[in-house]
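Q: With the sequences and hints as input, model every part of the structure.
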Amino acid sequence: MIHARGLTKTYTLKKTSVDAVRGVDLDVEPGQLVAFLGPNGAGKSTCLRMLTGLLPPTSGTARVAGHDVTTEAAAVRARIGYIGQKGGAGEAFRIGDELVTQGRCYGMTRREARSRAEELLTVVGLDGLFARKPSTLSGGQRRRLDIALGLMNRPPLLFLDEPSTGLDPASRADIWSHILRLRADHGTTLFLTTHYLEEADAMAERVVVIDQGRIIADGTARGLKADLAGDRLTVTLHDPADVPRAAELAASLPGAADVTSDGPKLTLRVAAADRALPEFVRALDAAGLKVDTAESSRPTLDDVFLALTGRTLQDEDA
Amino acid sequence: MTFFRDTATIFSREFAPVWREPLSLVFTMAQPLLFLYLFGPLLESGTATPGPAWQWFVPGILIMMCLSGPLMAGYFLLLDLIGGSMERLLVTPVSRTALLVGRTLKEFVVLLAQAVLIIGLAVPLGLDLHVPGVLTGLTLLVVFGIGLGGLSFVLAIVSAPGGELFYGITQVVMFPLLLLSGVLLPVENGPGWLQVAASINPVTYIVEAERSLFAGRFLDAPVVWGTAAAVVTALLGLHLARRRMARGL
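Heads up: the protein sequence lines correspond to chains A and B, in order. In terms of full-length UniProt numbering, the first sequence opens at residue 1 and continues consecutively. In terms of full-length UniProt numbering, the second sequence opens at residue 1 and continues consecutively.
Derived by calculation from the structure, the hints in this document are not laboratory data. A virtual CB, placed ideally from N, CA and C, is assigned to each residue, including glycine. Mixed in with the good hints, there may be bad ones.
To be verified - Below, a sample of chain A positions facing chain B; criterion: calculated Cβ distance under 7 Å:
#1 Tyr82
#2 Gly87
#3 Ala202
A: Written out as structure tokens, the structure reads:
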């Protein structure tokens, strides 16, 4: 569905060139749900804009939905949907009118566009709001309207740029149910960017991590976490003076790494926390070190990113 | 073929809000209407203007409208660029050129409707209607408006996503252009430097041309100069807009 080779974008800003995207190769098969992850400025949106034909690549090629984005832009555009970061409906327009306009931009007749618009408003739970303006909708309703706008042409491939950003948890869950239903009902290929790591983790079967314009990891969330991060154990010692001794014991655990301490807290990485934690606590106990709390946490994609780049995603967001 | 269909699509999108609320047309005309009713009568009684006051003043109001309407056309484009709706349209196969032409067409229709309304309201006040002159004058106005619209679109695109540049330039440019064109009071009565400044203002020539046309004098020199100024503005505006669109948004 997507085949990109050596995709590159260089901007010239105030006479200095900025390499936003540096040679991205990417293949996405039909029906996949791919989450594209990376800090702000990593090149996520630039990639998305090149794949959707909004931005001509500086070099490299991309075939999207069977056509070349540069030489067959119109054919690509007819076959994809795109839901941008910002609201797609103009404030001055009735939402039904905007949907009809969108349909007509895809070559539908007014009548076809109108019936498709009514159909989609029902699908996204906005039926009866045809004559309303976007300003009268809630944040979640607006996002559902954006989804409807992106689906007018029944695209087999849908790009979503941060579909759930800025929504409350209930609306996020609701948007996700719409996205996942699309896939279940129509086999739509979904390519989305997000900076909610837990979303990528829970929803996407494939996570592609981009940093500084290059893809630095590509795999299932589970695979990336197992390969790159491992689980994390944290114990709090009753007496902070015991920390050095505990750290020695921690380092001797099989597969332990990255032992760090912060006051009475000691943190380390292990391959499988469920086995290592009881063993560690027993070892501490046997050495006569009193432990107040002990917890284990599964790695997050943030840990994966940290392992890959030495930085956290959140650092970059500021 | 698709170009015409796409232009129609964009035109009907842009025009729908006006169509659904025709009164908005009158609200956006509040300023010219106020000038017509509250400023015009002052000229009528005085000797400030050469020739009959309404014949002199109404073309000025039309130019004022032309500056505020089409020059602000970019404002709506800017809103679409700042929000996501322009991007949403650009992802569809819709013709890129149609995206601007459709908008320009809407400005054209709105400007024409407003101009006809102003003229209609001015007749009972004492405007002498020279129909062929007025029709030619309206054509000239629309040509100028299309050029201003194009320039305004380019400015909007260049200003996005912030928009400050757009607001700054339109505010800084609009009033001097207006005041230095002799729209409200004759520049001939002003000091020399002001007259020089007015003489390099293209709007001056268009106002002069409109006044000649509204008086039914087709062969006056200002008509030639005004037409030239309007055509140059239109060509420049369309050329720059096309060139900017070709580079992608």
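Q: Could you check if A/Ala202 really has its C-beta closer than 7 Å to a C-beta on chain B?
A: Because about 26 Å separates A/Ala202 from the closest Cβ in chain B, which is outside the 7 Å limit, the hint is violated.
Q: If you take the shortest Cβ to Cβ gap from A/Tyr82 to chain B, is it below 7 Å?
A: This hint holds: A/Tyr82 lies near chain B, its Cβ roughly 4 Å from the closest one there, short of 7 Å.
Q: Quick check on the hint: A/Gly87 CB to chain B CB, less than 7 Å?
A: This hint holds: A/Gly87 lies near chain B, its Cβ roughly 5 Å from the closest one there, short of 7 Å.
Taken one by one, the earlier hints fail for this structure only at number 3.
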